[in-house]
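For reference, the chains in residue letters:
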Amino acid sequence: MQRKIAIPRELLVDEELMLPGMTSCQGCAAPISMKIALKALGNRTVIVFPACCFCVFQGGYPYSNLKVPVIHCPFETSAVVASGAAAALDVRGEKDTTVMVWAGDGGTFDIGIQALSGAAERNDNILFVCYDNEAYMNTGIQRSSATPMGAWTTTTPAGSLKSEPKKDIEQIMLAHHIAYMATASPAYPDDLYRKFQKARQITGMKFIHLLSACPPGWRIDPADSVRTMRLATQSRVFPIYEVTKQTGAAPGEDTWEYDITVIPEKEVPVSDYLKSQGRFRLMTDDMVMKIQKQADRKWRDLVEKRDATRLSGV
Amino acid sequence: MKKAIKGNHAVSHGVRLSRVGVISAYPITPQTTIVEELSEMCARGEISARFIKVESEHSAMASLIGAATAGARTFTASSGNGLLLMHEVLHWTAGARLPIVMADVNRAVSGVWNIWAEQTDSLAQRDTGWIQIYCESSQELLDGVLMAYRLAEKVMLPVMIAYDAFFLSHTTEIVDIPDADVVDRFLPPYEPPVQLNFDDPRMFGGFFSTDYFYEHRYTVQQASQEALNVYPEVCREFNAHFGRSYDLVETWLTDDADTILVTAGAITSVSRIVIERLRSQGEKVGLMKLRMFRPIPVECWRKVLGNASRVVVIDRNLSVGVGGVFAAEIRSALYASDRHPPVYSAIAGLGGRDVTPEDVEGILHSMKVDDPSPDIPLYWGLKR
Ligand SMILES: Cc1ncc(C[n+]2csc(CCOP(=O)(O)OP(=O)(O)O)c2C)c(N)n1
Ligand code: SF4
Ligand SMILES: [Mg+2]
Chain C
1 MQRKIAIPRE
11 LLVDEELMLP
21 GMTSCQGCAA
31 PISMKIALKA
41 LGNRTVIVFP
51 ACCFCVFQGG
61 YPYSNLKVPV
71 IHCPFETSAV
81 VASGAAAALD
91 VRGEKDTTVM
101 VWAGDGGTFD
111 IGIQALSGAA
121 ERNDNILFVC
131 YDNEAYMNTG
141 IQRSSATPMG
151 AWTTTTPAGS
161 LKSEPKKDIE
171 QIMLAHHIAY
181 MATASPAYPD
191 DLYRKFQKAR
201 QITGMKFIHL
211 LSACPPGWRI
221 DPADSVRTMR
231 LATQSRVFPI
241 YEVTKQTGAA
251 PGEDTWEYDI
261 TVIPEKEVPV
271 SDYLKSQGRF
281 RLMTDDMVMK
291 IQKQADRKWR
301 DLVEKRDATR
311 LSGV
Chain Y
1001 MKKAIKGNHA
1011 VSHGVRLSRV
1021 GVISAYPITP
1031 QTTIVEELSE
1041 MCARGEISAR
1051 FIKVESEHSA
1061 MASLIGAATA
1071 GARTFTASSG
1081 NGLLLMHEVL
1091 HWTAGARLPI
1101 VMADVNRAVS
1111 GVWNIWAEQT
1121 DSLAQRDTGW
1131 IQIYCESSQE
1141 LLDGVLMAYR
1151 LAEKVMLPVM
1161 IAYDAFFLSH
1171 TTEIVDIPDA
1181 DVVDRFLPPY
1191 EPPVQLNFDD
1201 PRMFGGFFST
1211 DYFYEHRYTV
1221 QQASQEALNV
1231 YPEVCREFNA
1241 HFGRSYDLVE
1251 TWLTDDADTI
1261 LVTAGAITSV
1271 SRIVIERLRS
1281 QGEKVGLMKL
1291 RMFRPIPVEC
1301 WRKVLGNASR
1311 VVVIDRNLSV
1321 GVGGVFAAEI
1331 RSALYASDRH
1341 PPVYSAIAGL
1351 GGRDVTPEDV
1361 EGILHSMKVD
1371 DPSPDIPLYW
1381 GLKR
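Protein chains in written order, with our numbering: chain C, 1 to 314; chain Y, 1001 to 1384.
Hints are computed from structural coordinates only; laboratory data are not their basis.
Quick reminder that beta carbons are idealized off the backbone N, C-alpha and C, glycines included.
Honestly, I wouldn't trust all of these hints.
[Claimed, not checked] Straight-line distance between alpha carbons at most 25 Å, and here's what the computed DSS-like set of lysine-lysine pairs gives: (1) C/Lys67 <-> C/Lys167; (2) C/Lys198 <-> C/Lys305; (3) C/Lys245 <-> C/Lys298; (4) C/Lys95 <-> Y/Lys1383; (5) C/Lys166 <-> C/Lys67; (6) Y/Lys1303 <-> C/Lys245.
[Said to hold, decoys possible] Listing some non-contacts, in silico: residues in chain C with all C-beta distances to chain Y over 12 Å: (7) Ala79; (8) Ala87; (9) Gln114; (10) Arg122; (11) Trp256.
[What the hints assert, rightly or not] Residues from chain C shown here face chain Y by an in silico Cβ test under 8 Å; the list is partial: (12) Met22; (13) Gly60; (14) Tyr61; (15) Thr77; (16) Ser83; (17) Arg92; (18) Gly93; (19) Thr139; (20) Ile220; (21) Ala223; (22) Val226; (23) Leu302; (24) Val303.
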């Protein structure tokens, strides 16, 4: 059964803040997400880019394909560069602005995590977006701590596929007691749009974890990019949910409400998702089973948390 | 208003009077009291800045990329290991032409810990594009911060004020703290030449191909050279407002000197005593104190040092594989000049070891009597 996607009107008719002419690969999911995100955020948005694929294909001096101010920064610094920009806009009395970081998984899970943790702990008023293509793509597909178990990359070649599970960045961010944490995927554009709209209205630290297909890195056909990401959610490898802070009546009484915002139209085994990509071609059945178990556990955990927080929330 | 305050406190007053918008810093001995004082000033409402209490020096400097790009006047302070941690971001901030001002309390760095005075930390940043000003007194520190903003915002390069750990950071001196309204006349609010503007969106930084990168680097070099013209102007204006005069270098009794001693930072104060003593004994010695070290005021150095028959440089720093940094750079600055006296190099005071007037006199004496080779540094006071 096909899930009905209600495309918000604004998505179709609003001003485009991302222009054509980018040099990303065909089928790169990251620009799809950016296009939708900017429609939700509007033009009073500053984007901070660390080193990553996006920082390269977004422009190339003297061109920029984004009609919002853009600040490029060193690889490991993006969160705190955004904190500084947000502070300065505040001092200058600029109201109703969003300072958004747009970083890869390397710039988030690995080299950028110190600055990110600092900004999250201080609850700086920024929106940190990680477009997660599960490896260092810009430097030619090397493993990151976001690379899933069993994946081939140029630093986890045949014979030494990645043996460690993906780092759980979502739990790490939630452990910082942040205002809003969500996952999203351009395979579900209506949900993605709504989440950026919601994040825009929240003051404090917001974190959005985007799944982002990368045809050369995932070894898929560019035409299958969105289909593959949909399989990620249908197989529950990448569940789409959000966790929103509910400010308590008294200090120390804040709670966090879980909501699973995309209930997939159908359920598929993780092997469907894994088998669709060349990077998992060499995975053993053992590993597939492990990933299935992890996905099942994560889903059960999410449902439990959703039900529990919903009950207590009302 | 005259007050007895420590060097670090003088810096904090300079920052307060400069009406900065965003401060970001991470504590490290002996810079810590600056961070504490600025936090207090913010808490008391004497400064209306936002103070970002970051988790590292790396983030301190990085946060100012965002803040300065978004149009705020910015400040940070660090020392030793903290400054080294910033290294990549120092190249970035200078290349991005951000007029950040930083105080660096010169502290030793190595593979062992030492928290005391040495200039190797800031000198290791000399290729980053940051303008470097070395200071000798607390008054010079406070005034230096005010002038640094004028200079930085004129040439659009960041400025580092460097001064010795403890000898200056924690020593109490009488400082004339200027009135805020006079400072306001000297230092108007910061107006970035390229604004972060939502109605006219720009890209700051980004990918520069080989077609553009070289030219980009050249503009940074030009801006730095321009600082040599702008700084004396800033000093003149500062003098007109506050009655204290500064210059690219400070000279004392150099006009007729046979031997000119070159120092930077707190060792200068000690050296003054020695110069006075030797002069009274009829020796023709003079003193050149380095103030601006990046960009190098080559012409100025040549003019001051050219007539001497020997130059003696005391370096409280060590570039391993070279020797003293100041001596090496002075030598190369003089090389193409018609008159280039031999430049003798003495390493002294590393890791905060005290350099007394007797040490300075001993160095000068040894250079004269032992007639060492100018190529080999004199490791003064080394226990063998
Ligand atoms: C300090 C530093 N180390 C390494 C690099 C090289 N580098 C640039 S981008 C990149 C990987 C980026 O990976 P990710 O953040 O996942 O973004 P992606 O390119 O995959 O979209 C690396 C290692 C750098 N620019 N800076
Ligand atoms: S390598 Fe991957 S992430 Fe990078 S532009 Fe190509 S598709 Fe996009
Ligand atoms: Mg990546």
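Going through the hints against the structure:
1. Under the criterion of a C-alpha separation no larger than 25 Å, the hint pairing C/Lys67 with C/Lys167 is inconsistent with the structure, at around 34 Å.
2. Only pairs whose Cα atoms come within 25 Å are accepted, and C/Lys198 paired with C/Lys305 is accepted, the gap being roughly 21 Å.
3. For the proposed pair C/Lys245 and C/Lys298, the alpha carbon gap of about 20 Å is at most 25 Å, so the pair holds.
4. With a C-alpha separation of about 63 Å, the suggested pair C/Lys95 and Y/Lys1383 falls outside the 25 Å cut-off, and the hint is violated.
5. Proximity of C/Lys166 to C/Lys67 is assessed by CA-CA distance (about 34 Å); at most 25 Å being required, the pair is judged violated.
6. Proposed proximity of Y/Lys1303 and C/Lys245 is contradicted: the alpha carbons are some 67 Å apart, above 25 Å.
7. The claim that C/Ala79 lies off the interface is violated: its Cβ sits roughly 8 Å from the closest Cβ of chain Y, which falls inside the 12 Å cut-off.
8. A cut-off of 12 Å between C-beta atoms contradicts the statement that C/Ala87 is not in contact with chain Y; the least separation is 4 Å.
9. Not every CB of chain Y is more than 12 Å from the CB of C/Gln114 (nearest about 6 Å), against its label as outside the interface.
10. The claim that C/Arg122 is not at the interface with chain Y is violated, since a C-beta of that chain comes within 12 Å of its own (minimum 7 Å).
11. Here C/Trp256 stays apart from chain Y, with its beta-carbon at least about 23 Å from theirs, past the 12 Å limit.
12. At its closest, the beta carbon of C/Met22 sits 12 Å from a beta carbon of chain Y; the interface hint therefore is violated under the 8 Å criterion.
13. Using the Cβ-Cβ criterion of 8 Å, the hint placing C/Gly60 at the interface with chain Y is satisfied: the shortest such distance is roughly 5 Å.
14. The interface hint given for C/Tyr61 holds, since its Cβ lies 5 Å from the closest Cβ of chain Y, which is under the 8 Å cut-off.
15. A distance limit of 8 Å between C-beta atoms decides the matter here; for C/Thr77 the minimum to chain Y is near 4 Å, and the interface restraint holds.
16. A least Cβ separation of about 5 Å between C/Ser83 and chain Y falls short of the 8 Å threshold, and the interface hint therefore holds.
17. The restraint placing C/Arg92 at the interface with chain Y holds, with a minimum CB-CB distance near 6 Å, inside the 8 Å limit.
18. At a threshold of 8 Å, the smallest CB-CB gap from C/Gly93 to chain Y is about 11 Å, leaving the interface hint violated.
19. Nearest Cβ of chain Y to the Cβ of C/Thr139: about 14 Å, over the 8 Å cut. The hint is violated.
20. With a cut of 8 Å, the hint placing C/Ile220 at the interface with chain Y is violated, because the nearest CB-to-CB distance is about 26 Å.
21. Among the interface hints, the one on C/Ala223 is violated; its C-beta lies about 28 Å from the nearest C-beta in chain Y, farther than the 8 Å criterion.
22. The criterion of a C-beta within 8 Å of any C-beta in chain Y is not met by C/Val226, whose closest approach is roughly 27 Å, and the hint is violated.
23. Using the Cβ-Cβ criterion of 8 Å, the hint placing C/Leu302 at the interface with chain Y is not satisfied: the shortest such distance is roughly 30 Å.
24. Annotation: C/Val303 was flagged as interfacial toward chain Y, and the flag is violated, the nearest CB pair being 35 Å apart, outside 8 Å.
Checked against the numbered hints above, the structure breaks hints 1, 4, 5, 6, 7, 8, 9, 10, 12, 18, 19, 20, 21, 22, 23, 24 and satisfies the rest.
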